[in-house]
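Q: Listed below, chain by chain, are the residues.
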Amino acid sequence: KNEVEQSPQNLTAQEGEFITINCSYSVGISALHWLQQHPGGGIVSLFMLSSGKKKHGRLIATINIQEKHSSLHITASHPRDSAVYICAVRSWETSGSRLTFGEGTQLTVNP
Amino acid sequence: NAGVTQTPKFQVLKTGQSMTLQCAQDMNHEYMSWYRQDPGMGLRLIHYSVGAGITDQGEVPNGYNVSRSTTEDFPLRLLSAAPSQTSVYFCASSYGGASGGYEQYFGPGTRLTVT
Chain A
1 KNEVEQSPQN LTAQEGEFIT INCSYSVGIS ALHWLQQHPG GGIVSLFMLS SGKKKHGRLI
61 ATINIQEKHS SLHITASHPR DSAVYICAVR SWETSGSRLT FGEGTQLTVN P
Chain B
1 NAGVTQTPKF QVLKTGQSMT LQCAQDMNHE YMSWYRQDPG MGLRLIHYSV GAGITDQGEV
61 PNGYNVSRST TEDFPLRLLS AAPSQTSVYF CASSYGGASG GYEQYFGPGT RLTVT
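One line per chain: the protein sequences are A and B, in this order. Quick note on our numbering: the first sequence kicks off at 1 and runs consecutively. Quick note on our numbering: the second sequence kicks off at 1 and runs consecutively.
Derived from the structure by calculation, the hints contain no laboratory data. Glycine included, each C-beta is placed from N, C-alpha and C at the ideal position. Watch out, some of these pointers could steer you wrong.
Covered stretches of chain B, as calculated for chain A (at least 3 residues, CB under 8 Å) [said to hold, decoys possible]:
id	segment
1	14-20
2	62-73
Covered stretches of chain A (chain B as the covering partner; in silico rule of three or more C-beta atoms under 8 Å from a C-beta of chain B) [what the hints assert, rightly or not]:
id	segment
3	37-44
4	98-111
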């Protein structure tokens, strides 16, 4: 079993829909990251959080440390949101800036 | 700032050849890492560095060497390329903060094919 599990693996939505991507992990963590990888391959950091909730534009990330679960929500989805969304955790059991990554969720938003 | 830069963007090698993937950052970040990304798998850590002169192995270090002589540069060397090293390679950097959570900055990636 992977230390970081994402669901769903693939998600297709219509423009305007509310989207939720889930991430569950099995280790103690000091931080959780949500990343976005566009079709061109570049990876950008969306959020880094260790508790509660963060919001940036139409994106909202939440984390429940007790349940070892995080969600990424996209409100009013748009075709430009089509990308792979990756969850990664930094375990307090490891030193340095080492991250463990989920396999990613491929999101396609149709117009 | 240029952020994290990687060269080359694409490379084709024959089995047994060696090469160096270059990575540089201009943000004065302490931490730098190399990952490989393969279909159906998450990013996997190859090697990482917590500062100039200090490197350590990640999950999949075999067949790769690194060095960190300066804060800015973190090259990845393939000693004798094998088809199993066909992958997309990402370099990343982050600033070590007291909170323990570090925002990651990724380079654009290098797509390597070994024939």
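Q: Are the hints correct? Go through all of them and say.
A: Hint-by-hint comparison with the structure:
1. 14-20: The restraint on the segment 14-20 of chain B is violated, since only 0 of its residues have a Cβ under 8 Å from chain A and three are required.
2. 62-73: violated (count 0)
3. 37-44: holds (count 4)
4. 98-111: Coverage by chain B holds here, the residue count being 7 at a Cβ distance below 8 Å.
Comparing the model with each earlier hint shows violations of hints 1, 2; every other hint is respected.
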